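K.L.:
Sequence:
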Amino acid sequence: MTPLLSFAALLPRLLLGFLIVHTIWNAKDGKSLSIKVFLSAAVGFGVSSLLGFIWIWIGLPLSAYAWLEAVTVTALTLWLLFKNRNQLRLPRTDIKSELLWAGILAVGVIFYTLNMVLYGLQFPHGRPDAWINWNVVSRFIYLGGADWQGTFLRQFDHPDYPFFLPMTNAINWAFLVSTTRWGPFAFHLTLSLFAAGMLFALVNYFRGFKQAVLAAVFFIALPFTVDQSMRQYADLLLAYLMLAGGGLTVMYLQNKDTRAAMLVGLLVGLCGWAKNEGLMAIVGFSIVWAVIGFTRDNRPALINYALGMAFPVIIIVLFKIFLAPSNDLVSAQGSLIEKVLDWERYRIILQRGASTLWRFGGTPVSFVGVLLAY
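Residues 1138 to 1511, numbered by the working numbering, are exactly what the sequence shown covers, in order.
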């Protein structure tokens, strides 16, 4: 029963995510509904981890938060669904014309899930970074009780990394009353499915069902995707947040829905809560939105973007100032300015980036090369 309970323990946070997304962005068309559904993991897990972190920081027990959150969110979400039962409709489509494509998608998702399960069973505790960093912090939070801040005493392995992933796993264990390996397993499998679903929902919104199926199936067929999904790292989580934030930014440019801008800000802020590298995502997205908000017509959207980003960014700043030690990579050798001005670093980054893009996810034939030839 532990595997099933591990997945069930994630449900309240998925409901929390949908509740937040639908409250902020009340678009009623069916394609937007699918985007809301696949946004629910990013927003739900993210906001829950922020609230859970505040809860333990002020000295309250994590198990109490987990159950309080579950009961409150479940009641509110059921009320929301009942209240909007006549508005939440799937788009009308010709089922016969889409049946073949739906079948292709279903088969792809089944094989993708089986691949992830087999990978997860082969490496039940993830890969090296999960052993020495992410899951270790989760154990400090869950097992440490009032002494959970002992995690910052680690001298190596990035003790300043933020808590999105560790808090989520710790809350899961609080439900299960055990540091079972199935907790992180369930979280990362669910996260990867929602990331793939996010890609499908966005392409479906912009380009239609058939191209969405092609994009999703291609993505879940990549060896790189399966590997990154179940390593139990934060990289896929960060990619998922950036995909969602980028997709909603393009949606705003098309329909000028300022409410979606607030969700973009929240997602971008959560990038920095997911991983230190996400801080650069905050900078990059904020520059883009500053350009968008330069005109008076887009000013309300820029304000909403900043409001959405405020909560996670405030928590990140407090976390960095009052709790986290200095980053071991930044303080290792030389000053930060020297590293920024070292052009050899940029050459290596561009070289590696071009090589990674050319090989695109570990495929035996370069997909980029095929596109260029086409």
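Don't take each hint at face value.
[As the list claims (entries may be wrong)] Computed cross-link-like contacts, DSS-like style, restricted to lysine-lysine with a CA-CA straight-line distance of at most 30 Å: (1) K1165 x K1457; (2) K1168 x K1457; (3) K1457 x K1476.
[Stated by the list, open to error] FRET-style restraints, in silico, Cβ to Cβ: (4) G1287 x I1191: 12 to 20 Å; (5) G1506 x P1198: 48 to 56 Å; (6) I1191 x H1262: 38 to 46 Å; (7) L1478 x L1237: 31 to 39 Å; (8) F1219 x G1196: 33 to 41 Å; (9) W1480 x G1287: 37 to 45 Å; (10) G1281 x L1509: 26 to 34 Å; (11) L1236 x I1474: 43 to 51 Å; (12) P1198 x L1351: 18 to 26 Å; (13) K1220 x M1417: 38 to 46 Å; (14) A1491 x F1355: 35 to 43 Å; (15) L1478 x L1255: 23 to 31 Å; (16) L1280 x L1509: 46 to 54 Å.
I should point out that these hints are in silico values taken from the structure, not numbers from a laboratory.
Here the structure is a predicted model, which is why all the values come from computation and not from measurement.
Backbone N, C-alpha and C define an ideal beta-carbon position, used for all residues, glycine too.
K.L.:
For every hint, state whether the structure bears it out.
P.N.:
Taking the hints in turn, this is what the structure says about them:
1. Simply put, K1165 and K1457 have alpha-carbon atoms about 39 Å apart, too far for the 30 Å limit, and the pair is violated.
2. In summary, the hint linking K1168 to K1457 is not supported, as the alpha carbons are separated by about 39 Å, beyond the 30 Å threshold.
3. As the CA atoms of K1457 and K1476 are separated by approximately 21 Å, the hinted pair is consistent with the 30 Å bound.
4. Range check, G1287 to I1191: Cβ separation about 19 Å, and the 12 to 20 Å hint holds.
5. A hinted range of 48 to 56 Å for the beta carbons of G1506 and P1198 is consistent with their spacing of about 55 Å.
6. At about 28 Å, the CB distance of I1191 to H1262 disagrees with the hint of 38 to 46 Å.
7. Taken as a hint, the range 31 to 39 Å is violated for the pair L1478 and L1237, whose Cβ atoms sit roughly 55 Å apart.
8. The supplied range of 33 to 41 Å is met by F1219 and G1196, whose beta-carbon atoms lie about 37 Å from each other.
9. With their beta carbons about 40 Å apart, W1480 and G1287 fall inside the hinted range of 37 to 45 Å.
10. Checking the proposed 26 to 34 Å range against G1281 and L1509 shows it is violated: the Cβ atoms sit about 52 Å from each other.
11. The hinted window of 43 to 51 Å between L1236 and I1474 is violated, with their beta carbons roughly 60 Å apart.
12. Restraint check, P1198 to L1351: a C-beta distance of roughly 48 Å breaks the suggested window 18 to 26 Å.
13. Restraint check, K1220 to M1417: a C-beta distance of roughly 40 Å satisfies the suggested window 38 to 46 Å.
14. Taking the beta carbon of each, A1491 and F1355 are about 21 Å apart, not inside 35 to 43 Å as hinted.
15. Distance hint check for L1478 and L1255: the Cβ-Cβ separation is about 46 Å, which falls outside the suggested range of 23 to 31 Å.
16. For L1280 and L1509, the Cβ-Cβ distance of about 52 Å falls inside the hinted range of 46 to 54 Å, so the restraint holds.
In terms of the numbered hints stated before, the structure departs from hints 1, 2, 6, 7, 10, 11, 12, 14, 15, listed from lowest to highest.
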